[in-house]
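Each chain, letter by letter, is given below.
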Amino acid sequence: MDLESNPETEVTVENGHTNVATAWIHGHSPRALLRSAFREDRFFLVLSVFIGVFSGLAVVCFRFAIDWARIYLLGSGAVLTPARMLLAPSLAGLVIGALVIHFFPATRGSGVNQTKAALYIFNGNIPFRTAIGKFITAALAIGSGHSLGPEDPSLQIGACLASLLGRKMRLSRDRMRLIAPVGAAAGLAAAFNAPISAVLFVIEEVIGRWTAGILGSVVLSAISSVVVMRWFLGSESLFRIPAVQLKNPTELIAYAVLGVVGGLASVAFASGITTFRPKCKALPRWTQYFQPAIAGLLLGVIAMLGAPQVMGAGYEYIDQAMHGQFTWQFLAILAGAKIVATLLSFVSGTPGGMFAPTLFIGAMLGASVGGAQHVLFPHLTGSAGTYALVGMGVLFAGFLRAPMTSVFMVLEVSGNYSIIVPVIIANTFAYVISRGLQPIAIFDVLTRQDGLELPSMEELREEDVLRVEDAMQPVGGPVLDGEKTLDQALAELNGAGPEEILVRMSPGGWNSVKQEQLRELSADGKGNSKLGSLLPIRQVPFLHPDHPLEMALRHVDRWPIVPVVSRADFRQLEGVVSQRTVLERYREFGEG
Amino acid sequence: MASPKLARYRLYLRQRPTLLVVMSIVAVIFFLAVTGLSRIYYRQREFLGNRWSTRGLADLNAKNFGAAVTEFRTALLYSRDDYSYQLNLAEALIGLKRTGEASAYLINLWDREPDNGVVNLELARIARQQTRTDEAIRYYHNAVYSAWPKGQEHRRREARLELIDLLLQIKDQGDAQAELIALAANVDDEPEMQPIIGRLFLRADDYEHALAAFRTALSQDRRDAEAMAGAGYAAFQLARYPLAQHYLEEAAAANPKDTQSAQLLQTTNAVLHMDPFRPKISSVDRSRIVMESFAAAGQRLNACPLPKGPAAPDGSAVSLSDEWNTLKPQVNALKRNPNLADAAMDLVFRIERQTSAVCGTPTGTDLALLLIAKLHEGS
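Protein sequences appear in the order of chains W and R.
Just so we're aligned, residue 1182 is where the first sequence starts under this note's numbering, counting upward by one.
Just so we're aligned, residue -4 is where the second sequence starts under this note's numbering, counting upward by one.
Extracted from the complex, chain W is given alone in its bound form (with noise of 0.2 angstroms):
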């Protein structure tokens, strides 16, 4: 038996019950039932909780391993010593460098866009030896005080492991394009602690639709990967999240000032990466050794002037800033020296993640500017661990450039809804701001620096979308009516009218017959007979004029015209498309 034949003819009846699941399983061999089970679809459901298990488990290790490197190289002490400040990341960074070079190119960076690479050009192949490589250095790297995160190496952990576990499985060449973001889901997710923003920043910035078939095995991926971290690691997030509270609505203006100041920051952040990093890596291939020990060094310098909070991840720092322990100037200055000090990092090609000190610069940022605030405007009622907050959405949407993303990490992270229009309204300052100054997200420059070309999923958000009402043309003759007869119809055309007429047919839907046609029927001796009987039973499609054009290639070429009808009644005519005018229309598009 078939066993994609529908369970609905499979019914029997059980003590006046129907009973669809029993009697499908009766009337299908246990091997059949094996070869459901594991049909491809579901059998990826199935594997995309393994990833999360194991790309759980591979974040928590690196975890570890961050937290080692970071006791063995910089001490057990929270007050490093300036010898350990300068030392450890410069010395570090000479291992990086040749590690980088001879055996793990791949690893450079942060490793969303090699993610992205891995969905859109390699059809979901990541070298396994990425993984380790990124596990290696990236530990090496914020554990000895280089000014990075932890969450996009976890993200390519886990795209790397979901990339093996789908090979070794010999999934199709379909599957295989979407495990990398699924894997890559579970690594963001378990290094964040935050399956719902995982998810949404797979979805928005990786994938860029939205499918049920993704979106199951995303999010089964992150929430396994969640559940394996929370169970090593416990369920707290990352930082102390203070009482957060808006009482006088014209505090909103002070988020929205915080908006501002959070695009600017994010614009001179992007634009140092995206100038300087070319530069780097146009430099002589030797002193790409060298490259991240310089960066150590100089991030040991920066350490040692006052600002030590720079180095590594920063989370115990923005959980201070969270909680007024700094003061605004202070705090201004350590985002600022943050800045420089990631970006001293990033552009020396030592691996490791954008994320952490997105949100550090963003926390300092925010926090500064409502303690500035709050000495200017005394009666503002929101706290510095409350603008730190929104501080972090504001950047992950101006730097970061994934809006949905950024509020939905702030809501999740603060688990206080009450803090959403702060959020929003600053995020969409700093989005807006961002995107005006610089045009082109910060993924996307990196990729095309890096002589890729991957569809940025902001231009594809922004882009404008031709719909039918663009090429739509009015009517160039008489629409004929299905209930009257051919007489009438002729009668009607009078030998007028274009070659295609249209037929409106009763009760619903339309048809379409030649002038030609007509007369031959006529000849026939029909003419009594109504039109829409003497008509092929073949309904000619309709659009709408909100469908987008491409629908309408789907149909143009078999049909000479398409009509376009309205949705709230579908005999009422708006229109007509034919292959020409949708054709001319994209000429018209493409030439701008």
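No lab work stands behind these hints, which were simulated from the structure alone.
Every residue gets a Cβ at the ideal spot worked out from N, C-alpha and C, and that includes glycine.
Among the hints, erroneous ones may be present.
Computed Cβ-Cβ distance ranges for the label pairs, DEER-style [as the list claims (entries may be wrong)]:
| # | chain 1 | residue 1 | chain 2 | residue 2 | range |
| --- | --- | --- | --- | --- | --- |
| 1 | R | R34 | W | Y1470 | 31 to 41 angstroms |
| 2 | W | R1223 | R | T30 | 50 to 60 angstroms |
| 3 | W | P1559 | R | T30 | 50 to 60 angstroms |
| 4 | W | W1249 | R | V23 | 22 to 32 angstroms |
Starting from the known structure of chain W, arrange chain R on it as the hints suggest.
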């Protein structure tokens, strides 16, 4: 044949159910390995956390707050939610007068354990410092009824004493008295607490309970000069002058440097000496005292001239001075007319009351007369 068999095994291995089983086994092994790693990881973190916390505690006890803050912060890196590390850090921050930061930690701790006495007491102290009185009182109340890790009764008492001090500071005598009565009931069997409670009762203007507390203290240590002075003061305020005289004499004798008691004793002696209505007094003595009092009132009137009094029923304004002058010749002949003593003393009392209202509390004989006036008020 081996080759087809091997091929069949390979085929089985490539089947998805088989791969799923293999994947499950690998996942379990990976899971166990990470469990082992996590044990090592957490053991190391616990060790480091304890090490830094021990250093922090040593610095905290040595009042080296700056170092203690750094060390507890480091300890928290390894155990972010450790309650005792956070609490110790908050205490070190309070030591550095960084109450804002300390509050952040304490509020976090309070959210986790709202009935922790230490946290409530520290929050109360910070709120008091920042003159958020209502909040401070609430936290003090919490601290009084909270659970304390050790020495619960002692720590609760400490919290209550601070609460009483705050209530007295904001002049909420009623609530302070209520708290003091509750405190006194809890320390009935602790004589060393009685003088403290007695003093607080004095500050709360509850002289009856103050006297009782000092007497309890004296029943344990009859030579406690402080308790004698306190009892004397309380008895004085209760207008129990013979009792006050007894305690004040003993207090002054036990501690010659106690000028306050000596001064109070003087006033008490004067009251007892100048009271013409005390029992068992001869008419001669009474007349003498009335005459002395009348003379003293006249001097007081001269020193503190009063504005004209209310108009008499006949329309003429009669001042106390006029009254005094009118009565003076009769008082000089008091021995011949002892019935005049009541009228003379009534005038004396009125003069003392009104002059004290205008010119402030008097001293010496006038004070004694004023106190006698209060003593016989309404009689």
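Hints, verified against the model:
1. R34(R) with Y1470(W): 31 to 41 angstroms: 38 angstroms, holds
2. R1223(W) with T30(R): 50 to 60 angstroms: Violated - the Cβ-Cβ distance for R1223(W) and T30(R), about 30 angstroms, lies outside 50 to 60 angstroms.
3. P1559(W) with T30(R): 50 to 60 angstroms: This hint holds: roughly 52 angstroms between Cβ atoms.
4. W1249(W) with V23(R): 22 to 32 angstroms: 24 angstroms, holds
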